[in-house]
Structures are given as structure tokens and as C-alpha cells.
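> Can you build the whole structure from these sequences, using the hints too?
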Amino acid sequence: MAARTHRVLPGFGLALGYTLVYLSLLILLPLGGLILKASELGFAQIIDIALGERSLAAFRVTFGASFLAAAVNAFFGLIVAWILVRYPFPGKRFVDALVDLPFALPTAVAGITLATLYAGNGWLGRWIEPLGFKVAYTPLGIVVALTFITLPFVVRTLQPVIEDIETEVEEAAASLGASRWQTFARVIFPAIFPALLTGFALAFARAVGEYGSVIFIAGNLPLISEIVPLLIISKLEQYDVLGATALAVVMLALSFILLLAVNVLQWWTANRHKNDEPLEVAAAKASGGGE
Amino acid sequence: MKSNRATQEPRWVRYGLLTVGLGFLFFFLGLPLVAVFVEALAQGVPLYLEALKEPETRSAIGLTIGIALAVLPFNIVFGVAAAWAIAKFDFKGKSVLITLIDLPFAVSPVVAGLVFILLFGAQGWFGPWLSAHEVKIIFAVPGMILATLFITFPFIARELIPLMQAQGKDEEEAAVSLGASGWQMFRRVTLPNIKWGLLYGVILSNARAMGEFGAVSVVSGHIRGETNTLPLHVEILYNEYNAVGAFAAASILALLALVTLVAKTVVEWRMKRETEMLNAVLAPEKT
Chain A
1 MAARTHRVLP GFGLALGYTL VYLSLLILLP LGGLILKASE LGFAQIIDIA LGERSLAAFR
61 VTFGASFLAA AVNAFFGLIV AWILVRYPFP GKRFVDALVD LPFALPTAVA GITLATLYAG
121 NGWLGRWIEP LGFKVAYTPL GIVVALTFIT LPFVVRTLQP VIEDIETEVE EAAASLGASR
181 WQTFARVIFP AIFPALLTGF ALAFARAVGE YGSVIFIAGN LPLISEIVPL LIISKLEQYD
241 VLGATALAVV MLALSFILLL AVNVLQWWTA NRHKNDEPLE VAAAKASGGG E
Chain B
1001 MKSNRATQEP RWVRYGLLTV GLGFLFFFLG LPLVAVFVEA LAQGVPLYLE ALKEPETRSA
1061 IGLTIGIALA VLPFNIVFGV AAAWAIAKFD FKGKSVLITL IDLPFAVSPV VAGLVFILLF
1121 GAQGWFGPWL SAHEVKIIFA VPGMILATLF ITFPFIAREL IPLMQAQGKD EEEAAVSLGA
1181 SGWQMFRRVT LPNIKWGLLY GVILSNARAM GEFGAVSVVS GHIRGETNTL PLHVEILYNE
1241 YNAVGAFAAA SILALLALVT LVAKTVVEWR MKRETEMLNA VLAPEKT
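Protein chains in written order, with the working numbering: chain A, 1 to 291; chain B, 1001 to 1287.
Certain hints may be false.
[Stated by the list, open to error] Derived pair list, reagent style DSS-like, types lysine-lysine, alpha-carbon separation capped at 25 Å:
id, chain 1, residue 1, chain 2, residue 2
1, B, K1136, B, K1195
2, B, K1264, B, K1195
3, B, K1169, A, K92
4, B, K1272, B, K1169
5, B, K1092, B, K1169
6, B, K1264, A, K92
[Claimed, not checked] Residues from chain B that face chain A, not an exhaustive set, calculated with beta carbons under 7 Å:
id, residue
7, F1028
8, V1036
9, L1072
10, A1081
11, A1082
12, V1107
13, S1108
14, V1111
15, L1118
16, L1119
17, L1149
18, G1168
19, L1191
20, A1207
21, V1234
Bear in mind the hints are in silico, worked out from the structure with no lab data behind them.
In this text the structure is predicted, and so the values were computed from the model without any measurement.
Glycine residues also receive a C-beta, built at the ideal position from the N, C-alpha and C atoms.
The following block contains the structure:
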């Protein structure tokens, strides 16, 4: 109660009240309506719908392609973040700004462009298809679209963390006899790993729900290249509102779990620096002291 | 240059990483961006301009701008209010509230559209009442505005909360104790402090509002000339094998994305400069 009497600034009640009412009306009430609608079905029936042949295949495609896309971005995103922070090269500011393109470019534009590029007669498709890879209108196309859409996440979560690494630690490791690779594997990588995982999780979470960019390049064949968001829409168009609701509620539950995981990861990243090992310990570890 | 050797990779590794990283960005970002404009102009400039003059394309542009403008004030008011409460005061359940604000980021756009159909659609909770009063929300513009509001909900608040937390509340407390009214304090102290952060959030949420596809697609009903935004119009033209028309419309959206990126970079630069100036002023003098 002491805090209440010491409050000098005005507007707390109004600001918090407005925030809560607006949040409740726009976000919580509609999501609550979805859950209420799903409860008409009951838990067993929801699971039944989600595990139907077509739905199960869609979940497998959605989560499999999202995982692959997030993994591709974790690998290349680490390299991109590293060169953007550490290496000088001409046009760096332009490249840095361009990384955010997938956030700014509408997903439908990305979808039709990627489909055109990777089609059999497209700029990339005409080189890739003779090699035996069909990208457009296959599950591989879904991975390509999701890789594009989620490209900035890993880069943007890693950049500030790499900037924060103090070069003294690397110098100490080197002076204790660590090779550059050992320094990377034992000092740098452990320091950036939580951020890498956060970026991966953010990319994965975004990819799972993506719709606009995927439908143009996927081919959308049931059981093969149909994603869950598309299946929800096609159920809706066949007036199977309950079926769509069941799938949506499962997606929502999985999104919640992912959001929770991202929050835990971010907390881990933020708290990591507090109990960092003393400089000498990290350096000694890198120089092979652990063996 | 000895210290350099210790903290830098061998030359071949550096060039290798640069090649792989920039090559990846070239194939995944550069090429698609160029392709939009090449495809739009594939049949020549006159046909491109012709495609842009189509009445349906023009009405789609109008609707896209209209929805973005309608959404903007809601997002600004909510963003500022939420950031004010969260950054300047302590209360129970604050971290839960922050997580809830992030919620729309985790929800699939398709699900975001579906929830409004369940509320306001013909068989939805409020459907019978709405149709009795001849109010149309689903398959009409109000539903598209609602879906866009849902999708763009977190953007401005997310930018302002960390910014206002970092700024603390000393300046506002000083203003109030010197006798400023709440409105005076906000206009003279808070707003100048947060203007770049606010603009940054506006840029991001606006880009999303104009480009949103999935959520708007579910509630729009795809009525040509009435409920077609530019991204939805791109889909229709593309599915009709009208490549020039589709990419012409897409090129406007791509230009918009480029403008967004430039504006975002400029604002980022301004924010960085202001923090640096602030730090220079606040830093204790070292002798």
C-alpha cells in the first residue's frame, strides 16, 4: 500500500484500465470464443479430428517444414550475423537493412515471387530442376517460402549478442594457446547459444502459422503439401466450422507452448550474463583445460 | 597486428563465410526483390501502367490505405497507454500482461481471422443479433479492420515498453512536482522523449497492416471492388494467370516495403544518435 501513496505520476488507473479493456475485447474475448466453440466438441473429438489422416499429414508437413526452415536459418543466420558484426565489406549498411525485407514485404508478394522463381521455367527453377530437385509445388517449396519469411529472426537476435562479446575474452583464450576454432567452440558459441536457440524458436513459431507465402508455392496437395492453416480455411469454406475450430484450437495450444518456450529462452538469455564465468576460467577452458 | 590474429579468423575462413553469408542473402532476399519488378515490367512499361490503372486495382489500393489509416489511431492509443502503465508503474501480474500483449504474434493469421467469424459470422455468437439489425461485419470492411487490429496489436507497445522503461520516470516526476498537469507532462516531457520509438512502432505496424494476407483473407469474402485489399488482389490476379497484373500490384507493395525499410533505418539511426547524445550528457565527467 505504501507504493500507492507515493505514486507521483498520474494516469495509472486510466492507462491500465484502458489496456486491460482493449486487450480483453480485441484479443481475449475472440480467443475465448474459439475455445468455447471448441468445447462444444469435447476433448476426445478434437483429438480425433486433429489425428485424422488428412489433418495429421498437414500437421506433419507444417511442423516438419517449419523445423527445416528454422534450422536453415539458424545455420545461415549465424553466419550472416557474424559477418555483419565482425567483417567489414562494401555495402554493409545496405545489406544490414535488407535483412528486414521479409518483415516489410507482404507475404503474398513473397509467395508469388518465390513460386515464379522456382517454377520449372523460372530463374532458379530452370537450373535446379535438371539436377533432380523440384522445389515449386512440392513440400520443398514450403521450406523455401518459410525460410524467406523467417530469415530475420535468427540474425536479429544474434547481432546484439555477438556485438556484446568482449574481445578481451577471445584474446585471453588465444594467449593461453587456444586455436581460433577452439575459442569459437568453447567461448563464443556457448555465449551466443541461448540467443541462437531463441532465434530458432521465434522463426519456428512464426513459420508454423504462416499462410500467405506458402499457398502459392506449395501446390497444396492434400496429404502431401497441404499446411494446417490452409486446411482450416478449406474446412471453413466447406462450412465445417467445427472442424476448422478443432484444428485452430490445437494450433493455438501449440502456439501457446511455443510462446512459453520463447519467453523462457529469452529469460535465460537475459540472465546468462549475470552468472558468467570469470574471464580466466572461460579462457582456460578454451585452451583445452577441460581435458 | 598481433591482437588481430588472436581474435580474427584466417583469411580463407573470412572470405568463405562472407561468400556463404552474402550468397545466401542474394538468393533468398536480393533475387526475389529484383524479380518482383522484372516480372511486373516483363511486358513493357505501357502494359505495366495499364495494369495499375485497372479500376479494381485502384479500389484495392484505396481500401488498403483506408484500413491502415483506420487501424493506426487504435494502435497508437493502446501502445502508449500500455507502455505508460507497464513502464512507469509497478503492479502485480505485470509479466503476465506483457506476455498477453505478445499473444497475437504467436497466433496464426488464419486463426486470427477465424475467431472473428466465430464471433460475428452468420452462425457466430453475435451473428443472429447482427443480421437482425442488418449490421455486416464478416465479409465486409469492419471485419477486415478487426482482423488487422488483432494482427498489429503488439507492435507499438513492444517498441515503447523497453524504451520508456529505460528512460525511467524522473523527468515526468519532476514535471509533475513543478506543477504540470497530466496532459502538460505528457505533451511536453513524455511525447518528445518517445517520438522516435513511437514512429518506429507506427512504421512496423503500418507495414504489417498494409501487407496482411491470411487474417484479412479469411474474413474478407473476396468481393471484388469491395473487400479486396491489395495483397488479396494480388492473389486473385495471380490465380487468373494474369502475371503482369499480379506483379504490377505486387510491385506497389514491394515499393512500400522498400520505403518501410528506408524509414525504419533512418529512425533507427536517429534513435541511436539521441541515446548517444543523452549518454554523453549524463556520463560522469572523467578526469
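> Does each hint fit the structure? Answer for all of them.
Going down the list of hints, with the structure as the test:
| no. | hint | in the structure |
| --- | --- | --- |
| 1 | B:K1136 with B:K1195 | 37 Å, violated |
| 2 | B:K1264 with B:K1195 | 13 Å, holds |
| 3 | B:K1169 with A:K92 | 37 Å, violated |
| 4 | B:K1272 with B:K1169 | 20 Å, holds |
| 5 | B:K1092 with B:K1169 | 19 Å, holds |
| 6 | B:K1264 with A:K92 | 16 Å, holds |
| 7 | F1028 | 6 Å, holds |
| 8 | V1036 | 5 Å, holds |
| 9 | L1072 | 15 Å, violated |
| 10 | A1081 | 4 Å, holds |
| 11 | A1082 | 4 Å, holds |
| 12 | V1107 | 6 Å, holds |
| 13 | S1108 | 3 Å, holds |
| 14 | V1111 | 5 Å, holds |
| 15 | L1118 | 5 Å, holds |
| 16 | L1119 | 5 Å, holds |
| 17 | L1149 | 6 Å, holds |
| 18 | G1168 | 11 Å, violated |
| 19 | L1191 | 13 Å, violated |
| 20 | A1207 | 5 Å, holds |
| 21 | V1234 | 5 Å, holds |
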